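2 protein chains.
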Amino acid sequence: MTAYAELLSFQRETEALAQVMGRLGWDQETVMPPGSAGQRAEEMAALEGVLHARRTDPRVGDWLDAAKAPDEVGTANLREIRRRYERNRKVPASLASEIARVTSRAQGIWAEARANEDVAGFLPVLEQVVRLRREEGAALARNGDPYDALLNDYEPGTTSAEIAAMFGALRPRLVALRDRVIGAPEAPRVTGAFSEQGQLCLANEVARAFGYDFSKGRLDKAVHPFSSGSGQDVRITTRTNPEDPFNCIYSTIHEVGHATYEQGIDGRHFLTVLGQGVSLGVHESQSRIYENQLGRSRAFTGWLYGRMRDLFGDFGIADEDSFYRAVNRVSAGYIRTESDEVQYNLHILMRFDLEQALMRGQVEVRDLEEAWNERFLADFGVAVDRPSNGLLQDVHWSAGLFGYFPTYSLGNVYAGCLHRALRRDVADLDAQLSRGDASGAVGWLRERLQRHGGLREPRATVAHAAGFEPSEEPLLDELEAKYGDLYGL
Amino acid sequence: MTAYAELLSFQRETEALAQVMGRLGWDQETVMPPGSAGQRAEEMAALEGVLHARRTDPRVGDWLDAAKAPDEVGTANLREIRRRYERNRKVPASLASEIARVTSRAQGIWAEARANEDVAGFLPVLEQVVRLRREEGAALARNGDPYDALLNDYEPGTTSAEIAAMFGALRPRLVALRDRVIGAPEAPRVTGAFSEQGQLCLANEVARAFGYDFSKGRLDKAVHPFSSGSGQDVRITTRTNPEDPFNCIYSTIHEVGHATYEQGIDGRHFLTVLGQGVSLGVHESQSRIYENQLGRSRAFTGWLYGRMRDLFGDFGIADEDSFYRAVNRVSAGYIRTESDEVQYNLHILMRFDLEQALMRGQVEVRDLEEAWNERFLADFGVAVDRPSNGLLQDVHWSAGLFGYFPTYSLGNVYAGCLHRALRRDVADLDAQLSRGDASGAVGWLRERLQRHGGLREPRATVAHAAGFEPSEEPLLDELEAKYGDLYGL
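Those sequence lines, one after another, are chains R and U.
Counting from 1, one number per residue, gives the positions in the first sequence under full-length UniProt numbering.
Counting from 1, one number per residue, gives the positions in the second sequence under full-length UniProt numbering.
Just chain R, with the same shape it has in the complex:
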């Protein structure tokens, strides 16, 4: 066997074991008995130990040095394996395991603190998490910027300067648009009770409409919607709220975006490092274009209105046009995940600024709540009324995920680019969507982007698919046009 073949064979087993880890996570969130949590933690820790040993195994370094790539795919494989290997070798095993241990504990503490509106109860463990991730950032960055180093875990090849420039372009136009929309007359709301059975039926229907392959996946209920797994086993979850059917429907379409990306990757990348979505930003571009540009379009909501009338009868919305306005309703609110397309990226911008300051030591944990509340008032014009609507609303920081937030906005920006290109290439898209048929859009995305997995770097993946260099303009142009129309601006 050549060094390249040996490396790929070793990596294939590592990827398979990583899939097992993902499966344990799925099991835990969907079917695991409540009393099994202690054992599951031991199982995951043991498997994490195996994975860490493989990911830092010196033989990988030897194979990388000796390997010759047979082709373009081989070159990409070696690039990505080397990136991961060098990243993992920089972090001492003791630090990696302490981060795993502390962040696992911190998530429980965060959940309890949020339930009790108890910031003080959360800050001590957050302080530990921040300290450990600063340390990790420093180890990864060597002499570079620690926040950039962490960001690269989620979005390889992207710097905080690029992210800052992106927000610099987004912010003024989004703020102006938000202010005009908030000043306009309110959009209608749906009313009534929406049965769980009806919502789940619709969730299955929209999942199929957006190309989800149930022969290699399944849809279950969970507390939080998520997509899990790669390759031939990519599962999604959803949840229902009797008063808000859109939560179930749009979180399902969102997760289907993530899942069909994984399902759509070419078989030649199966169980290689290229056989997954290439970055969080590109992943989010898929979930967002499915959810927003397609799912919340006038054409698709026209079809959805009919299906919802069939399933739920009258829910206080008289026609397709009012329904389209209800789906895309903008209102003031504290919670990022409940936000609309106009305000969502302003939430992310605030997180990005705060977490950069935290990681660079410009803000300390003890001052974080004050910093959050001041900034929220300045950005959103509303004072945070309680911690669960403020600092305690997101799980990310308790899990140590600093550098993760900006990938959400990057995904939105990429989705805007992809949508512009999709409209350019697929002429009768709206006619299809108005029949509840997303196959033209999904087929285009699969062919241009999804099937390539990690073959190209993240930004190049989007540029290849769109046919032009990504920028903020398509998203901003689209939002201004859509919400100008919706709110008669």
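In case anyone wonders, no lab produced these hints; they're calculated from the structure.
A quick note: this is a predicted structure, and the numbers were derived from the prediction, not measured.
Glycine included, every Cβ here is placed at the ideal spot set by N, Cα and C.
Some clues are possibly wrong.
Ranges of calculated distance between the beta carbons of each label pair, as one might list FRET restraints [unchecked claim]: (1) R101(R) x N241(U): 44 to 50 angstroms; (2) A427(U) x A120(R): 55 to 61 angstroms; (3) R101(R) x S104(U): 34 to 40 angstroms; (4) D62(R) x D57(U): 19 to 25 angstroms; (5) T337(U) x K90(R): 53 to 59 angstroms; (6) A53(U) x N389(R): 46 to 52 angstroms.
If you want a taste of the chain U side facing chain R, the calculated C-beta under 8 angstroms gives, among others [to be verified]: (7) A16; (8) R23; (9) D27; (10) E42; (11) E43; (12) K216; (13) Q232; (14) L271.
Here the structure of chain R is known, so what remains is to put chain U in place on it, guided by the hints.
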């Protein structure tokens, strides 16, 4: 850390990873999407590789040599770890992986051959399986008997001579009893259609009645009933047949016997080699006593009759006494798993004789069907009508499980001993069972046997629980009394 502590810590991770492997098996049989089988095979192969490397890791040998047991539990841990380590080191890695590969493939071929009544299509792969397991038996036995070596994988410390002696005691009295029962007037049958919902409702109810802890387990549907996992996550499955409610009810009680054994083991054995049922025979003693001695007792079936009338209305059985006879109906049949208490062990005896001959090279695979059919006619007085009722009925040999069958009968014999002791110690057992309350029996079994896990060797485990040396007498006495009474002999 002492060598003992290091060894236990290493073993704890190995046990946790073994639990992960079990979870993958559960997932595959219950919730896995149909198109994920290829990936799952890779995942399991990768994890099996990790487990095999740990199980034969030379550090285990070094720790074993250096370790001092701190107490009785430590002594048992070292004994069992050494047994497994020495066993695994005797089998070359290449042979172990070839067995895994071939038996995995063979099970698919067997299932197809059984569906097509195609013995010839199955024999070539069976030949490979037999060759590999003979080779493994020889490697394990060194200069001893290969069949005994294989038997020891499932029932440590038991020899084929002991099994032969057991069957020598069972056979004449079981044959005589069977012949008298078959000659007597037939017992009644239930008739009608039994809703799946009603059966699953009852399955949940009997699971609770027999002490299954749903906070550390769950009950799902699967093609074959099984119990999976140890410690804090022990899951069971069942199946339903609209015409035969007893299949669901009694397979559930059977699996609950396996599962509560695992759930009932003391916390001090958690994630050690002692934290599992000590052998297949002892495991089967628990499933069998739950299913037969308790579940098919006159007292318990009295309660069950009432519950079934509540759930299903009239099903052609007029009273508790007729119901007891219907539950314990004996009839001629080909299939081991559908057999009754009287004939079951005669099926096992035949498998035991045939597989011993196979492993010792006294019968070859090409002659196996003829040997089966001749023997079946001689033992059961009926000619096998088709392969799925004969050689192709059981999955075991395709999976390479030679030496496994006799543990079923051993379990029945142990169950007879435990039942005699249980009746001796719990005076009002029938009064409890007739209220659908098995807690007295389950509590006794947990205290005397289940909680000890692998602390003692298998036979000593049963002897300790019963308070006397196990023998065939209690089972035989009980069956003669029960069926004599049922059939008015």
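We went through each hint and held it up to the structure:
1. R101(R) and N241(U) have their C-beta atoms about 48 angstroms apart, which keeps the hinted 44 to 50 angstroms range intact.
2. The hint said 55 to 61 angstroms for the Cβ distance between A427(U) and A120(R), and at roughly 58 angstroms that hint holds.
3. Restraint check, R101(R) to S104(U): a C-beta distance of roughly 36 angstroms satisfies the suggested window 34 to 40 angstroms.
4. Between D62(R) and D57(U) the beta carbon distance is about 22 angstroms. The supplied range of 19 to 25 angstroms therefore holds.
5. As the Cβ distance of T337(U) to K90(R) is approximately 56 angstroms, the hint placing it in 53 to 59 angstroms holds.
6. As the Cβ distance of A53(U) to N389(R) is approximately 50 angstroms, the hint placing it in 46 to 52 angstroms holds.
7. Against a cut-off of 8 angstroms between C-beta atoms, the interface hint on A16(U) holds, since the closest Cβ of chain R lies about 4 angstroms away.
8. With a least beta-carbon distance of about 7 angstroms to chain R, the hint placing R23(U) at the interface is held under the 8 angstroms criterion.
9. Nearest Cβ of chain R to the Cβ of D27(U): about 7 angstroms, under the 8 angstroms cut. The hint holds.
10. Interface hint at E42(U): satisfied, since its Cβ lies 5 angstroms from the closest Cβ of chain R, which is below the 8 angstroms cut-off.
11. Below 8 angstroms, beta-carbon pairs count as interface contacts, and E43(U) has one with chain R at about 5 angstroms; its hint therefore holds.
12. The restraint placing K216(U) at the interface with chain R holds, with a minimum CB-CB distance near 4 angstroms, inside the 8 angstroms limit.
13. Among the interface hints, the one on Q232(U) holds; its C-beta lies about 4 angstroms from the nearest C-beta in chain R, closer than the 8 angstroms criterion.
14. Hint on L271(U) holds. Least Cβ distance to chain R is approximately 6 angstroms, under the 8 angstroms limit.
Hint compliance for this structure: every hint is met.
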